[in-house]
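Participant: In the order they appear, the protein sequences are chains A and B.
Numbering of the first sequence is given in our numbering, commencing with residue 631 and proceeding in unit increments.
Numbering of the second sequence is given in our numbering, commencing with residue 144 and proceeding in unit increments.
Keep in mind that a hint or two might mislead.
[What the hints assert, rightly or not] Calculated pairs, BS3-like style, for lysine-lysine (alpha carbon to alpha carbon, straight line, at most 25 Å):
1) K479/B / K861/A
2) K662/A / K849/A
3) K480/B / K646/A
4) K680/A / K226/B
5) K855/A / K226/B
6) K480/B / K650/A
7) K289/B / K855/A
[What the hints assert, rightly or not] So the derived list for chain A, only partly shown, Cβ under 7 Å to chain B, looks like this:
8) S654
9) G655
10) A659
11) N660
12) R703
13) Y815
14) L818
15) P819
16) I821
17) K825
In case anyone wonders, no lab produced these hints; they're calculated from the structure.
Everything numeric in this text was worked out from a predicted model, so none of it was measured.
A virtual CB, placed ideally from N, CA and C, is assigned to each residue, including glycine.
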Amino acid sequence: MKILVPVKRVVDYNVKVRVKADGSGIDLANVKMSMNPFDEIAIEEAVRLKEAGIATEVIAVSCGVTACQETLRTAMAIGADRGILVETDVELQPLAVAKLLQALCAKEQPQLVICGKQAIDDDANQTGQMLAALQNWPQATFASKVLIANGKASVTREIDGGLETLEISLPAVVSTDLRLNEPRYATLPNIMKAKKKPLDTVKPADLGVDVTPRLTTLKVSEPPKRSAGIKVADVAELVNKLKNEAKVI
Amino acid sequence: MSTYIAPIRDMQFILNEVAGLEEVCALPGNEECSVELVESILEEAAKFATGVLDPINRAGDSTGSVCKDGVVTTAPGFKEAYKLFVETGWNSMPFSPEFGGQGMPAVVSMAVNEMWKSANMAFGLCPMLTGGAIEAIAHHASDELKQKYLHKMVEGTWSGTMNLTEPSAGSDLAAICTKAKAVGDGSYLVSGTKIFITWGENDCAENIIHLVLARLPDAPPGLKGISLFIVPKFLVNDDGSLGARNDLICASIEHKMGIHGSPTAVMSFGENAGAIGYLVGDENKGIGYMFTMMNHARVNVGLEGVGIAERSYQHALWYARERVQGAPIGDKSGIKKPILHHPDVRRMLMDMKSRTEAMRTLAYYAAANIDRAHAGDAAAQARVDLLTPVVKGWSTEQGVELTSTGVQVFGGVGFIEETGACQYYRDSRITTIYEGTTGIQANDLIGRKLAREKVPGAAMKTLIAEMTADAESFAGNAQLAGIAVNLKNGINSLSTAAEWLLANYDSKPQAAAAGSVPFLKLTGIVVGGWLMAKSAAIAVKHIAAGTTDDFYTAKLATATYFAAHQLPFAAAYSAEITGGSESVFALPENLF
């Protein structure tokens, strides 16, 4: 069984992002970039499935600029067998990425796509769901546990009321939540091996996909500064303020 | 609390643009290494330092290691971290593939080791000592001993120690009196007490390989009668499995000012039948062999100065951004601001940042020369020999000063342990002492590395000529002209002091020795200033080419600061050496 894992290059979670002065987006110049943490969990899960003898090959895919190669090398240092870079300088939106993945699924025939539930830059939480719809595959999002047996995946999901377990037939799309696993630290020998693993580069046009953005960003702004808090004398005053000042209840 | 973030951008800059990583990768034996690989290595090592080593650093300090009945329990989290450290293969990075190492160049290890030292200096000492022991065995022991011990040591499953110091033999190793006698089967029985043995006993490694200096019965007195022995905690069977416990025990561990996470053992060898040991190389040549370890360790202790100063800087910077106190002087708005905006705090942070960068550049530059020397470059070897005591002595002295500044930035709460600023200061304090005090380093510098060189002063003169040519080439650039003037003055001061020492070393040995530490600091400042000036010149080129990377703007600023604030000290040190040495002895002993 092949597993395909999309990995996104995003601003490192330690970086305090800055909005560009003209409000057109986030300032990415010389900012440290890393693999989206949810995708790291996805890679880890796929590699564990391979180590358990369930998967035969783990393919990492990244869509974006040339530097996404580094993200693929990180995935291969964790244990992915090879990488595919879909190289483009165009700003990629979730539907475009889902279509690129669809094309790669047709080519690679994976039984399972494990993706991060969302990327920490745009928090869209759409790509996995769109891919499942395009492929007409079952999907199980926000996985906190994945068991594969007899051509089916039993996926435990974290939902508001607690945990829900779904059983879906393969091929399928699973998206990872934070508690699915704790990604390993790459070993030095594997970091070195990662440099020698195959990394193919294709263009969106090679896959026959039009990645032209369909959404326009009107404005990006910083969240309003938090104002100072106040102390209330009792519950009645708190309820009163929530009702009449904050107007939230 | 702040979190340690490895300064990867600065590391990469120094590796790629100053130390010549690409060229080092092209040297024979380094084919596996590439600039891209090193990028990945730094990224992943940084994750390990931040995620595994930094979080247990406080526990290492507050709980520390505990010794009971000869058994040492390391601080909470250390055992697990060490296991992960071994599993991830970091221990094996610099060593020969012949013994399971990854064969990475010294300059790459330098950057990675800096991360361990920043995140957790006490932890980092264990692999550092193992590394020194590996070097000594790899260079001087028989093939049989190498095969028996090196694989597990390279892996890190077994740790290594160096057992030099005894209660009456500190800096004076000639006074060593631990005994060894041949048993007749090729092994020896070792007995005696060694003190200050870093990681001498621990619960992290499965076996501990002690390298012990001892005297054979008929050995000549002094340094020429000392032999080096491998004395393992557990004897090793021929199939590599662990056998009986050897007759050695950790009598106690020290209560120290810092590095509480690192167990510093009093080791007692041969209290019963005698500890079984194996001779490394030839009899009576132990001191020379031990220097293989010492030189490795000296550069690495110098790197501790870099690492601990960096960590202290990051901690101070975090606080200076958070802590709001008063309106800065000259700020008409009257709005209170974070202390980062107050001029003296700003100066302290600049001081920490620029001096740490200079130290880092010097350490990596020296390491790149170690790699070139390995490939047979004699000029590089001469440069390494000259700079080793400077990397060790200057960087650690600065580490102490800068971590003290790190406490100062915090103000009153810096003196309170909860803020964590003190730990770096206390941890740093050992670095100017062990592996040869600053005085010992300075003695080495003005003696073996200067006045008693084959051609006295040759290595220093070559360096001065190279620095002078650079200073002159920088003078023509408007953005570098100011730096060039102070650099030129600094080089002149260094040259004057070196000439004075060469002229007086034999005739006034005491006066020369009294000026040795100032000379070491003078050398550090000028060489550090030179490397920062080179860095500035590279930055200026990028800026002129229209770079958008503000790293280069920052580098030009820190280099300019270093030239303006540190290079002027060169003249003072020079005056101290040439005009002040004799006054050290002006006061008769009875008037003290």
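Participant: Against the structure shown, which of the earlier numbered hints fail to hold, in ascending order?
Facilitator: Hint check: 5, 7, 8, 9 fail, others pass.
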